[in-house]
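Here is how the chains run, residue by residue.
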Amino acid sequence: MTAIVVYIDQLDAPGKLSTTVGQLLTLARGAGEPVAVVAGPASAALLAELGAYGVARVLHSEQAELGEYLVAPKADLVAQAAAAVSASAVLVDNSPAGKEIAARAGVALNAGVITDAVAVTYDGGTLVAHKSVLAGSYTVQARATSAVAVISVKAHSVEASLAAEAVIPAVEAVEVAFAPASLAARVTKRTPRAASGRPELEDARIIVAGGRGLDGDFTPVEELADVLGAAVGASRAATDAGWISHASQVGQTGKKVSPQLYISVGISGAIQQKAGMQTSKLIVAVNKDAESPIFEIADFGIVGDLFKILPQAVEEIKKRRA
Amino acid sequence: MENSALNIVVLVKYVPDAQFDRHLTGDAHTIDRSESILSELDEYALEAALALTDARGGAKAGNVVTALTLGPASAAAAVKKSLQIGATQGLHVTDDALAGSDASATSLALAAAIKTLGPVDLVITGMASTDGETSLIPAQLAARLGLAQLTFASELEVEGGTVTARRDGDDYSEEIEASLPALVSVTDQANEPRYPNFKGIIAAKKKKVTTVSLADLGLAASAVGAEGSLTTVSAAAERPARTAGTIITDSGDAGIQLVDFLAAQKLI
Ligand SMILES: Cc1cc2nc3c(=O)[nH]c(=O)nc-3n(C[C@H](O)[C@H](O)[C@H](O)COP(=O)(O)OP(=O)(O)OC[C@H]3O[C@@H](n4cnc5c(N)ncnc54)[C@H](O)[C@@H]3O)c2cc1C
Ligand SMILES: Nc1ncnc2c1ncn2[C@@H]1O[C@H](COP(=O)(O)O)[C@@H](O)[C@H]1O
Chain A
1256 MTAIVVYIDQ LDAPGKLSTT VGQLLTLARG AGEPVAVVAG PASAALLAEL
1306 GAYGVARVLH SEQAELGEYL VAPKADLVAQ AAAAVSASAV LVDNSPAGKE
1356 IAARAGVALN AGVITDAVAV TYDGGTLVAH KSVLAGSYTV QARATSAVAV
1406 ISVKAHSVEA SLAAEAVIPA VEAVEVAFAP ASLAARVTKR TPRAASGRPE
1456 LEDARIIVAG GRGLDGDFTP VEELADVLGA AVGASRAATD AGWISHASQV
1506 GQTGKKVSPQ LYISVGISGA IQQKAGMQTS KLIVAVNKDA ESPIFEIADF
1556 GIVGDLFKIL PQAVEEIKKR RA
Chain B
37 MENSALNIVV LVKYVPDAQF DRHLTGDAHT IDRSESILSE LDEYALEAAL
87 ALTDARGGAK AGNVVTALTL GPASAAAAVK KSLQIGATQG LHVTDDALAG
137 SDASATSLAL AAAIKTLGPV DLVITGMAST DGETSLIPAQ LAARLGLAQL
187 TFASELEVEG GTVTARRDGD DYSEEIEASL PALVSVTDQA NEPRYPNFKG
237 IIAAKKKKVT TVSLADLGLA ASAVGAEGSL TTVSAAAERP ARTAGTIITD
287 SGDAGIQLVD FLAAQKLI
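Chains A and B supply the protein sequences, listed in that same order.
Residues in the first sequence are numbered consecutively from 1256, following my numbering.
Residues in the second sequence are numbered consecutively from 37, following my numbering.
I should point out that these hints are in silico values taken from the structure, not numbers from a laboratory.
Mixed in with the good hints there might be a few duds.
Claimed, not checked - Stretch-level coverage of chain B by chain A, calculated; a stretch enters the list once three of its residues show a Cβ under 8 Å from a Cβ in chain A:
(1) 92 to 100
(2) 108 to 116
(3) 120 to 131
(4) 137 to 150
(5) 203 to 213
(6) 294 to 301
Said to hold, decoys possible - List time: in silico DSS-like cross-link candidates among lysine-lysine, alpha-carbon distance up to 27 Å:
(7) A:Lys1573 with A:Lys1536
(8) A:Lys1573 with B:Lys244
(9) A:Lys1444 with A:Lys1510
(10) A:Lys1543 with A:Lys1573
(11) A:Lys1543 with A:Lys1574
(12) A:Lys1510 with B:Lys302
(13) B:Lys302 with A:Lys1563
(14) B:Lys244 with B:Lys151
(15) A:Lys1574 with B:Lys302
(16) B:Lys302 with A:Lys1536
(17) B:Lys302 with B:Lys96
These figures come from a predicted structure and were not determined experimentally.
Glycine residues also receive a C-beta, built at the ideal position from the N, C-alpha and C atoms.
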């Protein structure tokens, strides 16, 4: 069986596996021998979790450079560890940093890189990445033709599952030889962003998103989101106006989401907004302008004033639940 | 150190206009490039370069902004538009053998093209191309050129020989600092791109555009294109277009009808 490297960042929240990493480990176990490459400490708690996913081999580095400089040192770690275990594939999460680690590891390993995979399957010895392109208008299957494949995988590409039998991983500390240019972009300050307390956009089954129509007050959207247990999204018009955090932006330059239900409120449906949400299972739109392009893709559309419709819906849901 | 003139390369990609339906064609499932334009997200890269060079006295003071594109003959339009907006000169990498290049092959050829320009202070790119949308090229170029990588910058400053950027992530906002030369990719939060004006359109006619082939770059045809690429697309399927469903007009009870819809879909 060939080694499949999964990159795990333990610099920010050591001791805890993110849900996406559990999914990547599950994918790796299905395709070969999962090898965890960890930036940061390999704590007992982490090793127990990795063992439960069937990871028998862990390579890690606690070199300070990994956190002191942007992305590049992490890519050096991944590339050098992947070469050391003769990996046939490297899996990373699809965050901006994950994609950039993939990009640089691809150069170092002379490996093909595929981003934004929504599923990874196994076909006669090669990994096949499934992704959607051109703002969701096509789905394609891509594969690497190189000896090593590097794939960044979106959240929920597979359901995380533990191995039938837990193993006790062997741990090796590795000493990364950083390229000089990898230690050139120094992170001088990190300011944590406030958490909203609501589900993350990528994880949410339901998203309620608001646009310029909210006119400065996101309360109606937030109240509907809270009764539905939904995440709150926004158009760029709303984030640019400062009504809500830029992290909530959905679209071409924001998050690309595919929830079960996307409720679009006071959003016209510009092409850049649609690029981030038109692969949602169901779309509901509330907009006072019947000509808004959002209605062209809505499964259920309501032409009307959001300030009347949303509070009424919130009341009705509470009433039915009482 | 004072603010001396800068030599900047801006990457501008020629991409299918997203306002129209976009298609994959042929056995290799490559993008149909008719109806193409300068990538909207590269306008932010160009603006970032022009803001920096304007602040240093512009072209008169020896600042250079080279608009670089890699693409078919028609991609010259992306360079031309960049010159109209304010770039000083253009560089167009074009060769039949480049067709079907993936990120690895594209970054290889772009890196070779940038090297022909001699020492540059900054390479500035968009955060993603609006067609491929991988965001791989900036990181691969930085790796291949051995440049400091400051990517997804929502703020960018150059003071003396030091570049600083702000990078906004989901969990953190980071300040990044490096010495020049460096590669920066900018987001659509970084600035407000300017439009070409009449003077710029006239001035662009006199600006120099250099067109180079693979041979000029010392690259073999087999190093790029489908042959030199390290990924292939083995299958592609067009998704059925979304169609409009039920549209109602509120006559006082639309909120309740919304809840009925959610209940029917078992979402509450
Ligand atoms: C490079 C680039 C990248 C971009 N990236 C993104 C992106 O990632 N995401 C994104 O969303 N946009 C993005 N945009 C912006 C996009 O083009 C649109 O400008 C933006 O999506 C518009 O936001 P909006 O729909 O909220 O505002 P508008 O287009 O102004 O629409 C507001 C809507 O609210 C409705 N409305 C007003 N009042 C009420 C009311 N009381 N009740 C009900 N309806 C009401 C109006 O009828 C209108 O349709 C990008 C643009 C560029 C150039
Ligand atoms: N063929 C190309 N020609 C010029 N610039 C490019 C090309 N491909 C990518 N780029 C640049 O790299 C950025 C990121 O592209 P991508 O990695 O394809 O998402 C773009 O915004 C451009 O600035």
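Quick rundown of the hints versus the structure:
1. 92 to 100: violated (count 0)
2. 108 to 116: violated (count 0)
3. 120 to 131: violated (count 0)
4. 137 to 150: This one holds; 4 residues, not fewer than the three required, reach chain A with a Cβ under 8 Å.
5. 203 to 213: Three-residue rule met by the stretch 203 to 213 of chain B, so holds; n is 11.
6. 294 to 301: Three-residue rule met by the stretch 294 to 301 of chain B, so holds; n is 6.
7. A:Lys1573 with A:Lys1536: 25 Å, holds
8. A:Lys1573 with B:Lys244: 67 Å, violated
9. A:Lys1444 with A:Lys1510: With Cα atoms ~24 Å apart, A:Lys1444 and A:Lys1510 stay inside 27 Å; holds.
10. A:Lys1543 with A:Lys1573: Holds, at roughly 25 Å.
11. A:Lys1543 with A:Lys1574: The given pair, whose Cα atoms are some 26 Å apart, holds under the 27 Å limit.
12. A:Lys1510 with B:Lys302: Holds, at roughly 26 Å.
13. B:Lys302 with A:Lys1563: 24 Å, holds
14. B:Lys244 with B:Lys151: Holds. B:Lys244 to B:Lys151 sits at ~18 Å (cutoff 27 Å).
15. A:Lys1574 with B:Lys302: Holds, at about 17 Å.
16. B:Lys302 with A:Lys1536: Distance of about 13 Å is within 27 Å: holds.
17. B:Lys302 with B:Lys96: Distance of about 66 Å is beyond 27 Å: violated.
Hint check: violations occur at hints 1, 2, 3, 8, 17; the rest are consistent with the structure.
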